[in-house]
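So the sequence lines, in the order shown, correspond to chains A and B. Under my numbering, the residue at position 101 of the first sequence is numbered 101, and the numbers go up by one with no gaps. Just add 1000 to the spot in the second sequence (first one is 1) and you have my numbering.
Treat the hints with caution; some may be incorrect.
[As the list claims (entries may be wrong)] Chain B is faced by these chain A residues, among others (derived, beta-carbon under 7 angstroms):
1. Pro-132
2. Met-270
3. Lys-275
Keep in mind that the hints were calculated from the coordinates and are not lab data. Note that the structure is a prediction, hence the values are computed from the model and not measured. Ideal placement from N, C-alpha and C gives every residue a C-beta, glycine not left out.
One-letter residues, chain by chain:
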Amino acid sequence: MHLRVYRFDPSVDREPRYESYEVPYQPRMRIMDALDYVHEVLAVDIGYRWLCGSKKCGSCAVNVNGLPKLACWEPVQERMTIEPLSNLPVIRDLVTSRAPYEAALAKISPTLVRRTEYAGFPEPLKSTDVAPTAHLRECIQCLACQSACPVLRTGDTDFAGPALLVALSELAQDPRDGAERAALASDVANVFKCISCYACEPVCPAEIPIVREAIEPLKRMAYRVGSTPGARRAHAFLDTVKQRGYANAAAVAARSGDFGLGALGVALKMRRRGKLKFSDALGGRATPGLEGLRRTYETSEKEDK
Amino acid sequence: MKRRYAYFPGCSAKGTCRELDTSTNAVAALFDVELQELENPGCTGAREFRAISEQLHLTANARILALAERVASALVVVCDTCLLNLIEVNQRLREDAAARERVNRALKEEGLQYHGKVEVKHFLWVLTEDLGEAALRARIVRPLRGLRVAPFYGCHIQRPASVLQEHSVRDVPALDWLCTVLGAEVVDYPGATRCCGFHVVRTDEKIALRLSGSHLGQAKGNGAQCVVTPCPLCHTVLDAYQPKMASTHAASGDLPILHVSQLAGLAMGLDADALGIPRHVVACEDVLTHVAGARLASSDRP
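With the rest of the complex left out, here is chain A (with noise of 0.2 angstroms):
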């Protein structure tokens, strides 16, 4: 097999390189194991992170061949560039920091917030209190989803990325917990600004619905709370789809109160190929014949709430 590793220690390299080292191939070999080999047999010393070596820890993800894989459960390529995850801090070669994670963390109250005291061992919970989390619970935070997340990849600081709004959505969605989370989701972690591109789930090794059960029940409390742009722009889009039977481009920015100077010379473009009207802006009346959707519309809307 062929390793091509990234190599960089900040406190004395100027900037990254790759080392490349040959390791003889082994019947279930992991990625830890190669890695294992370069360090042990041909005596480098990479910087490498693992704790439990069996899925627990989550301490061993790195990236390989682009996307992160836990090192103690994934198999062996032939030829694999590993290097550290994306969107965190390097330590050492393959050790990024988790420093940047945690202080996130540490602003969302990671701790249930109780609304009344303990009654003691056992907990009365009902399935029914616990089943929305069960996927949630098996997060074994080693932020593979924070380093394919694209959001963050582009350098946005405002968003709190998968992970964080995992360990969020368990606690917010927790019938035990008093803590105001919805506006946590909304203003602290900045949910709104999830892209639903589902990149973090594929490389999840606890294989979580991500957006389905964590974010998007944290963008509905979001959603409620109201203070966001995301949540106006929700608000506006199921108000024109009521009215005119369809989400009208014009009509929905218009009602999320969306005039920046920024987005005028895309619609003015749109408008000059005939993709927008301006018109379409000014509200005009309800569609006739859709009383029927509208009224399946609202009985639904008011079951959830």
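Guided by the hints, dock chain B onto chain A, whose structure is given.
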């Protein structure tokens, strides 16, 4: 053989991307494919309904499925985000009897019921799977020979894998395969399966411009003469916002973005006006000039 489908164009193909609806119908007509458009179907909710109420998300999509069930056994869509919403809700309603009962209670007032019998598919898959290679080749009169096309799939036709199956022909992903059958050369670039950022473009434009700017820059850098996408939402970011990317990000601002039905239509001899190509913000003249020069060779026939 006449094929009949229920057809849900979605808000974008009835608004900003009307040319997608026009070109889809124009291509369908070449194949004796009948697309029966649903009346007052509403909206699948994009990413908005599901961020408001789960029950609204289920019911709004079930309503579309119920309308489709009256018309045909398959429902065709032309938008990735509509596709994911409908497939996901369809799967849920088939598996979860209690959820189906709940939405049917809401639909009953309108005299609608959904029984779980509709198959949801993208128009791309109608071309690649239902019609298939021989039927497509028989219609090609202007093979896109030498045209270097970068496919841009969009997220919601591929992810999440728990909901969306892989669609490929002989292990070639559907859109790559279609480009090749149409005679074009597929440009390989990392952005093909990544996100355009549409769902935050009105609230966090910078994120969408960074992401799409980088994809278009890579596509162009690898020699693409145009991009083709099965999603009108991706189209809107890649096309209408491209001039803005040109000033601040990696894209050059002159890379034409085509809908799948437009690329197929061009190869099948439909003219640019009939396909709504002049409606795009980024001019497509270079692509049209290239295609106009194409002639059918004997090797293009099956």
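Hints the structure violates: just list their numbers, smallest first. 1
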